[in-house]
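> Now for the letters of each chain:
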Amino acid sequence: MLPKKELGLLLLLVVISGITEALNPRFLSGVNLLDMANLIGLFGIFSIGEGLTIITGGIDLSVGSMFSLLGVIFIDLVANRDTGWPVALLAVLSGGLVLGAIQGFLITKVRMQPFIVTLCGLLIYRGAARYYTDDSTMGFGYGNDADTLSWLASGRSFGIPHSFIFLIAVALVLGVVLHRSVFGRYLFAVGKNEEAARYSGINTNLVIAGAYVLSGLLAGVSTIFLVFYTNSVSPSTFGNFYELYAIAAAVLGGCSLRGGEGSILGIVLGTALLQVLQNLVNILGIPSSLNFAVMGTVILLGVLADQQLQKRREAAIAVAAQRARPPGFSPAE
Amino acid sequence: MTNTQEASPLLELAGITKVFPGVTALDNIDLSVGRGEVLGLIGENGAGKSTLMKILGGVEKPTSGVIRIDGQDRESLTVTESMRAGIAFVHQELNLFDNLDVAANVCIGREPLTFGLVSRKRQRERVAPLLDRLGADFGPDTAVEGLSIAQRQLVEIAKALSIDARIIIMDEPTSSLTLQETERLLKVIADLRAQGVSIIYISHRLAEVKACAHRLVCLRDGRVVGHLAHHEIDHAPMIRLMIGRDLKALYIPPRTEPIEGGCEIRGVVTKGFADARLNLSVRHGEILGLAGLVGAGRTSLARAIFGIDPIIAGEIRLDGMPVAVRSPRRAIRNGIFLVPEDRKRSGLILDMPLVENITLASLMAHARMMLVSRASELAVSSAQRKRLSIKAAGDKGKVVTLSGGNQQKVVLAKWLSMRPKVVIFDEPTRGVDVGAKSEIYTLMRDLADSGVAILMISSDMEEVIGVSDRIAVMHEGAISGILQRPQFSEYNVLRLAIGQELD
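So the sequence lines, in the order shown, correspond to chains A and B.
All residue numbers for the first sequence refer to my numbering, where the first residue is 4 and numbers rise by one.
All residue numbers for the second sequence refer to my numbering, where the first residue is 2 and numbers rise by one.
Isolated chain B, as found in the complex (with noise of 0.2 angstroms):
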């Protein structure tokens, strides 16, 4: 087979925009991949990639522009369209089911029937084939429940070869591998890409972008920023691409100088990245940015500080004195506090009022012989709201009525109310809108202010740029470096995130 490039690409975008009430997702992108082409496509997190994606499985539809396969024009593809047209994904959470086996899996939804009952036999010959051209060490008929996570990427490819797949897209498909694992998988590829498939390669580890891709193609706020061919690929106008635009002043400088003590982490291990030791400290009244990549074991540190998952090793110490975190109850006990990334699941209790839900956590102290004061707590709730400028109708009304900048406040509410000495704010900001997220950030900076340690877990660049006194980038699980201000630059944050050093 060949490696043509052929005149009329296979896929191609033109135009495609897709606006969200209010945020334009995605603004005119134009794309196009080629028959046995691979596509590199780099993009930081929230720059459009997932979108697009989403656009081409057939999930979202754009608002505007062309969609061309094989020279035909739509305006639009639905899951089973997309499917016809040979476009197949394998997703980083891996969809397979565990208590399946290889070939059920291959051929879930198209099993070969025999008078009306799946068989076996037959599902076995049609999965061998592709196993073999993928050269899988395992055969159709193992369960699934024992495969290595690089294993089930080569079922969910057999999978998309099983539907005649033209174009597999992979998002993130080595973020869980090993070093040789990903390497078996960029071979796999070649050998792909040698037989006529094309491949889009969504992948932060510009390493492997590197490795695999003829072209690049880099996204930046929903644009399609710049085109890389083959032979300029490489780490520095990768990065240069990725980043390059202008951020807006948010930073509020502190008022006072931080104090040292604080919250200091000393050689934690988190569940998940067993062979890296952390060793941070936030002093009082500073903001310290966490950066990283997805999965760099961000929210795997907040968890183990807040007590959610049991620190394998090390230590966390308060003001000098170890503290042992055992569970939430005992953090916020010691007066450390998570905003947590996903409010609406462990923040909030959405079918609750507004005032039960900001007095969740401090209930004893309105309480007299274990009974409620409800005076107590409305005069607590409402004193909140206001200092917050909640925007809802009074204290009474259930907190799922309100929008997310506004939830995020009474989230905030909760533990303002009490005495924070450390407070996690884990994206602080997702889901919010502007006029929230500029009151959420003044809070942030009148909490330090006021002596408090703050940790702030961002994936949003102009976030962690603009509101942090410094920066901890981190890398696969450890800290990779620390930023001061005069550091700050996107550059800077994403060579750390990658695991370079900086220059």
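Only chain A is shown next, with the shape it has when bound in the complex (with noise of 0.2 angstroms):
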């Protein structure tokens, strides 16, 4: 049984599909379908160490640029100095981990605000990137050894995109660590409560900046399925407002920016839902110029009827909690 946000979820995803596939029958065909996996493979998987972030109370604005960064840097070791893949590889990932944690540092033990600190990664980073490559576009060159990882990030099993894959495993382990492990729970009790959980005896540093780690180091996973899909780098615009898909899809999956409230599953069919979206604007033949407008709209009433939805079901609790108090108590001085 799905808790009932993320029915909700599923229910609009399906009502779009259906409308769409309705107005264009292309839009339920095998070349479509996979097309959309592949995309909401490489914009889950960030998105969903975006949601970590926000369900700390926190929010990772940097992404869009890190990618930018790290992209630079993957093309580079590859193409210009002969560094096999998996080095590479390995620097991504560690890149991407690494600047995780700084950000954890700053915004923990400095504490920083996130929205700064991660604005600020924003700037420098893609700032970085453009400096590092004079600004000019990045792209593999001819016979490196790249094809393993190449066909292990935009390849396809069984008809697959393997970003999807990927997403799926993803999902299932952080699925598992968020609300099954003791991290999971932890990052719930801070985001809903920081002192209290301070008062437990929670290191609650170590878990906000845990979930910065992780979505730096899911940022860098990202980074070589997002470079192999458009085999260059332009440092200027790549990865540009992703850190938007990302947060849009953790806050329509059910995320709080207040903290403490959001799943996996929603953040996955909330990626999944802007995703149909797009499409729908694509393959209706809407001027794609308004694409960030049907996403923003869609967005708002999501979140406006979840909002609703809530606060029914709070005045409920409400009236239950004033039933169950026994008279003879008042707050008084």
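If you are wondering where the hints come from, they were derived from the structure by calculation, not from laboratory data.
Being a predicted model, the structure only gives us computed values, none of them experimental.
The beta-carbon is built from N, C-alpha and C at its ideal position, and this holds for glycine as well.
One should not assume that every hint holds.
With a straight-line cut-off of 27 angstroms between C-alpha atoms, the simulated BS3-like cross-links for lysine-lysine are [said to hold, decoys possible]:
(1) A:314 / B:392
(2) A:8 / B:397
(3) B:188 / A:314
(4) A:7 / B:397
Only part of the chain A face toward chain B is listed, based on derived beta-carbon distances under 10 angstroms [as the list claims (entries may be wrong)]:
(5) 179
(6) 183
(7) 187
(8) 198
(9) 205
(10) 263
Assembling the complex is the task here: the two chains are given apart, and the hints tell you how they should meet.
Written as structure tokens, this is what we have:
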């Protein structure tokens, strides 16, 4: 049995898919579905990382720029410096991890606000990427040895894009971590009430920093998939606004920016819904300039509907609580 | 100007009663303040002073009774009416905007406008004479940020004067002032009085009340229990007025003698009280009550023992071994637990289910390979729920739906499911209904009998005297004395709490 939020999201996804299919039967064609699966995979992986930071009550605005910086480093290592792909891969993953760790350190130990720390990350990484390449597009040359990795990142098995398979794997693992593990419970606890969590002996700094490290690591992973998707990196545009897609997917998927709420399934469904919407714009011949406007409208309506439902539920709880409260108690003095 | 006590008082309260659901906070209060009179108002924590002030400020409406201002009867006041009637407050916590200057703070909400814009010049001109009147040593342009607490208080008073206040209510105005600053404030009060301003002076510090009040009224349990005329004001009669109710028999004697050892606090200096060294020991198997007036440093001590605030000097020993409690995490590992004062903020995650709150501190014990065993958690949770008779629909309901007493039991369940050595209870029964109160006392005694050292901070005199095996009393950051059971009385606790010797 799915939780109410996820169920609602799934229903919305089905309804929108149904409408699109009715208007243009190409929507459910194999080619279109697999293309969409690929995109859902690409965007889903880092959206999950974003979701974790949002659950702690924070935000990570830096992922889009991380793609650009880690992307140019990766291509430079593979194409220009003849580094073997395993080393380059390791460099990108640990790069994401380290950037995430630095951000986590600034947020927890230095007590800076997540919005500011990661906004500065967004600016710094983008600038560094552009400086590193002299603002020119970088591509793979011919005859490098990254073919294995290329197949791993952009190939298909049994017809299913690897990015999608990888997303499912990440979602399963992190689903268990978030919803079944000690760390996951701490993430929610810290997001809901950091002080009470600290008073219960939780190392809240470590938990919060952990979310940023995971977000950075998943951004590193996504970099590889994205680089092989586009096969080149223009440092000034690569990954632009992707952090906003991730935030949108997480919020649509039930993460509250106040922290303490969200689920991995919700984030994946949120990502899927965003991609279906994009696809709908394309396939129905809606001018692509309206792309963002459609997405914004749907997110707004989705979050509004969720908030209204939440209010109703809370009112019901409050009434129940009032009934359960014994007479004779008052908050006087 | 003359100091006349006119026939009709400026402000008169007749039969003011305030009933909250189930609790009578104020019961038939009669009170009057004459023009240019300083009325001292004393009473223990929870005697009803704050509720009374809220009614005068228009924040609460009385259930019955009459508020008479200038001979005009009203049933209640709104905030605006209270201001119009010339009632102003100088609170314990000052409500100033740090980022603005003095003049802007005084005129806040009533800024003089020129073409719709704030006229700083007129603002200054309006505020400067008020500051002169108070003998302030700073000008209207000074940034509030840089002012001392005493200076800020003058700003608050200037604010009161700027709305032509006729009655200024000062709630614990000297709690953060030095001796000299207090003396200056008392002089300002004398000047204001001479200018015909009336003052209601609320304070725990009996010496100040004695120094400035014409007349004194004491509240206890929501009632006026006595008046003292100027010449009668002295420490002994004041304390006698504040106490004097029969304490219900709450005491459950321990089944075993306390064992030496336990938690020793040696020469500890806490944040906020840099020149007070604390020495205290809580033995295994005893409930040590920690009494004192609000702001005496009890919570600071609890925060230091539990590792929330750093200990500036000294050490804490557990069974003779020094323990480093640099964080709540370390404290918990050493078996030192805290039931915090504000359970909604620091004790519970209200939005989480009962079971997750109960196992939050011991989650590792329910996990294998870092994965939480739901069955193991639920077993502990439901066992604790039954043991403490927590009234809840089940283990999976959110804690926010529970009553205050049951919420507090959830906090207790969290610690009882582990192995406590020392438990600090900070106001364990605040906002808890009577039935749950006695259950919590029984639990505390059971814990003590099982060898746990218990430190109970409480502002509820009945609780301190009724529950403790010994009482340590704090005054201005230091332990002012320790009472054994035969010495227990409200009189003795209060004397130590205001920093005096026992008779």
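> Each hint needs a verdict: does it hold in this structure or not?
Going down the list of hints, with the structure as the test:
Pair hint residue 314 (chain A) plus residue 392 (chain B) holds up; C-alpha atoms about 25 angstroms apart against a cutoff of 27 angstroms. The hinted pair formed by residue 8 (chain A) and residue 397 (chain B) meets the criterion: a straight-line CA distance of about 18 angstroms does not exceed 27 angstroms. A threshold of 27 angstroms between alpha carbons decides the hint, and for residue 188 (chain B) with residue 314 (chain A) the separation of about 54 angstroms lies outside it, so the pair is violated. Restraint check for residue 7 (chain A) and residue 397 (chain B): the C-alpha separation of about 16 angstroms stays at or below 27 angstroms, so the hint holds.
Checking residue 179 (chain A) against chain B: minimum C-beta separation of about 7 angstroms stays under 10 angstroms; hint holds. With a cut of 10 angstroms, the hint placing residue 183 (chain A) at the interface with chain B holds, because the nearest CB-to-CB distance is about 5 angstroms. Evaluation of the residue 187 (chain A) hint against chain B yields a held restraint, the C-beta minimum of about 8 angstroms falling below 10 angstroms. At a threshold of 10 angstroms, the smallest CB-CB gap from residue 198 (chain A) to chain B is about 5 angstroms, leaving the interface hint in force.
Here the hint on residue 205 (chain A) is kept, as its CB sits about 7 angstroms from the closest CB of chain B, short of 10 angstroms. Annotation: residue 263 (chain A) was flagged as interfacial toward chain B, and the flag holds, the nearest CB pair being 7 angstroms apart, inside 10 angstroms.
The structure does not agree with numbered hint 3 stated previously, though it agrees with all others.
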